[in-house]
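Trainee: Residue numbers (our numbering), protein chains in the order written: chain A, 1 to 441; chain B, 1 to 90.
Please note that the accuracy of each hint is not assured.
[Said to hold, decoys possible] Below, simulated DSS-like cross-link-like pairs (lysine-lysine); rule was C-alpha separation at most 25 Å, straight line:
1) A:Lys38 with B:Lys88
2) B:Lys80 with A:Lys40
3) A:Lys40 with B:Lys4
4) B:Lys66 with A:Lys38
Note that these hints are calculated values from the structure, not bench results.
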Amino acid sequence: MNLQNLIALLAESHGMSKRNAESFVKEFFLLIEEALEKDKYVKIKGLGAFKLIEVDSRESVNVNTGERFEIQGHTKISFTPDATLRDVINKPFSHFDTVVLNDDITLENTPLENGFADDLDDNEGIDTDPDSPKVEEEVVIQPQSPAIKEEQVNRLKEEAVGSDIIYMEARGDENKPEPTTELASESIRGQEQSATEKQEASPKIEPVTPIKPAVETIQAKKSQYVIDDQDGESDSAQYEYGGHRDSSAMKYFISIIVLVVLLCGGAIAFMYYPEISDDFMSKPVPKNIAKPVANKAPVKKTAQLDSMGSERGDSITRKVSEVSSKPPVVKERTVVLRKQEPALKAENKPVTSHVENNKVTGSEKSVNAKPSTLDPSQYKIAGTKTTYTIQRDESLTKVSLQFYGSKNLWTYIVKYNRDIIKDPDHVPYGTKIKIPELVQK
Amino acid sequence: MNNKEFTSELSRRLGYTTKDTSDIISALLTEITNQLSDGNAISAQGFGTFEVRKKAERISVNPVSKIRMLVPPKLVLSFKPSPGLKDKFK
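Kindly generate the complete structure, drawing on both the sequences and the hints.
Mentor: Put into structure tokens, the structure is as follows:
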């Protein structure tokens with residue numbers, strides 16, 4: 001809002017001509033300047049007081065170079081708002097009162113909203129944020145040890161111009177009379193303040209006193225802020241729960257982290273479980289062979305069936321039947337395997353190696369304990385056994401199984417019927433084929 | 001210079017009566033107050049700016065009684081002198 005707008009508003013509201021209003025306003029501020037120069041102090045009712053404050057020179061360090069340099073002694077202009085004006089401006093926060101904190105309540109890192117909260121440690125009221133010009137901290141002057149005193153005074157000097165508004169606080173200690181606190185603060189502020197400030201301070205005590213009885217009552221109740229939620233200030237909500245929320249949030253986080261760690265550990269253990277189960281293989285041997293093998297079986301089977309060239313539909317149906325019948329099959333297998341254990345083991349080994357050559361995996365062999373797994377390379381064709389007509393949804397593997405008791409001898413059928421069977425994958429319904437007689441070598 | 005002196009001096013310079021000037025002053029200040037309570041800063045060219053600043057809450061301790069107090073957040077009026085003015089008084 002510029003002065004021009006202000007002038008316009010003034011002219012409008014007061015029925016002055018714009019020129020008059022302009023000259024008035026300009027003269028107004030000019031006079032303040034001059035009076036300040038002359039008297040070092042100007043007080044305007046309804047606005048506040050302008051004061052010239054002498055600042056002594058002090059040593060300081062250049063932040064970039066680190067070299068020491070001297071800040072010259074100078075005069076700065078201070079402004080203290082009038083009581084009424086201050087209250088009007090603080091109206092949104094007017095219902096907050098300063099409250100005594102009990103020991104159990106710890107406010108750590110109340111969230112930063114609009115420069116709202118800073119680190120609220122027990123810092124004895126010392127301004128912990130001297131380097132943010134925007135979020136100014138009002139320094140509470142308290143009678144303290146000389147070291148801290150000096151620090152505070154220095155801070156006062158270093159702060160931006162507008163921020164050395166020293167605000168007298170209502171003390172929690174009702175026993176101490178007002179003059180004592182005033183005197184104490186006066187002694188500290190001696191450098192900065194002139195005698196008039198004391199007088200200035202005393203009228204300020206009055207607005208502070210009404211707060212005091214409120215403080216007392218609140219102290220008696222041991223409650224938090226009296227909050228009148230105006231304009232939906234989110235600050236108010238934080239006051240009530242600020243202290244408690246943080247500690248429980250921490251616990252929450254810790255418990256969540258612990259859970260996550262446990263889950264990860266469990267997952268890792270799971271991954272290692274098959275390996276661990278391998279260790280136990282020596283005892284319940286066949287069971288475990290069947291199990292992990294069975295798990296792999298359906299997957300491998302489909303791949304294998306495809307490679308073998310059987311009809312897709314058949315392989316899928318087979319797989320489905322496999323999966324569904326897995327439990328009984330597994331049982332069967334384990335029973336069978338147990339009985340045939342030594343024999344099967346022996347057979348498995350040579351068979352496996354051959355099987356792999358023919359792109360048929362050992363799992364097939366071990367799985368098909370019942371439909372016998374015969375090695376195709378061990379046979380030779382010795383004439384025709386019989387002729388056979390392919391039926392609906394029948395594949396060569398089925399035929400082979402039917403005649404030889406093993407699926408993987410279909411290759412012989414193909415070989416024998418090379419003229420008839422063009423595509424082993426698709427032997428149409430009704431095709432007459434010759435079933436060769438297979439004799440072991 | 002207190003308020004009375006200021007008003008009289010201003011009226012003298014402008015040629016209005018004391019009463020008039022005091023009325024106009026109050027009108028002006030009301031205007032300023034309204035603007036500030038809306039949150040708008042007032043900048044007077046060559047003089048400085050008046051702005052509303054928010055002060056965060058904090059914990060202060062009474063060193064004698066060791067009682068911790070929670071000071072609420074507040075809005076304060078701050079004045080920032082313009083460079084010309086600052087230099088003048090340096």
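Trainee: Hint by hint, say whether it matches the structure.
Mentor: Do the hints match the structure? See the list:
Annotation: proposed proximity of Lys38 of chain A to Lys88 of chain B holds, straight-line Cα distance about 13 Å (limit 25 Å). For the given pair, Lys80 of chain B sits about 17 Å from Lys40 of chain A by alpha-carbon distance, which is consistent with the 25 Å threshold. Of the pairs offered as hints, the one joining Lys40 of chain A and Lys4 of chain B holds, with about 16 Å between alpha carbons and a cut-off of 25 Å not exceeded. Simply put, Lys66 of chain B and Lys38 of chain A have alpha-carbon atoms about 44 Å apart, too far for the 25 Å limit, and the pair is violated.
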